[in-house]
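Chemist: Sequence:
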Amino acid sequence: MATSKGPTIRLQDGPGAGQQFHEEDFVERIRAAQRIGRTVPDAAGWALGYERPRQGHIWIWRGVNCHPGPIEPGAS
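Sequential numbering from 1 applies to the sequence shown in the UniProt record's numbering.
Hints were generated in silico from the structure; no laboratory data involved. Certain hints may be false.
Simulated restraints on C-beta separations [stated by the list, open to error]: (1) Ala44 with Gln12: 30 to 36 Å; (2) Thr39 with Ser4: 15 to 21 Å; (3) Gln19 with Ile71: 14 to 20 Å; (4) Ile71 with Ala43: 19 to 25 Å; (5) Ala43 with Ser4: 29 to 35 Å; (6) Ser4 with Val40: 28 to 34 Å.
Where a beta carbon is used, it is the ideal one built from N, C-alpha and C, also for glycine.
Given only the sequences and the hints, what does the whole structure look like? Please build it.
Modeler: Structure, rendered in structure tokens:
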């Protein structure tokens, strides 16, 4: 289902396994981790460890910083 916050995404594996978010809300978690200087997908920056899919709505845990640079809005 899509809303003004983008489609609903699901997290696979890792600390957020099974959780669902509006895509824009989850992207904001990643941006927040970047703003406070997080570079490792640990307890405070766990969202960084999820890779945005090239297609579909399932973000997969990689356990490394999948977003070392700024994440652009709507960049799917």
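Chemist: It remains to establish, for every hint, whether it holds in the given structure.
Modeler: Hint by hint, here is what the structure shows:
{"no.": "1", "hint": "Ala44 with Gln12: 30 to 36 Å", "result": "violated, 21 Å"}
{"no.": "2", "hint": "Thr39 with Ser4: 15 to 21 Å", "result": "violated, 31 Å"}
{"no.": "3", "hint": "Gln19 with Ile71: 14 to 20 Å", "result": "holds, 18 Å"}
{"no.": "4", "hint": "Ile71 with Ala43: 19 to 25 Å", "result": "holds, 20 Å"}
{"no.": "5", "hint": "Ala43 with Ser4: 29 to 35 Å", "result": "holds, 30 Å"}
{"no.": "6", "hint": "Ser4 with Val40: 28 to 34 Å", "result": "holds, 32 Å"}
In this structure, the earlier hints numbered 1 and 2 are contradicted, and the remaining ones agree with it.
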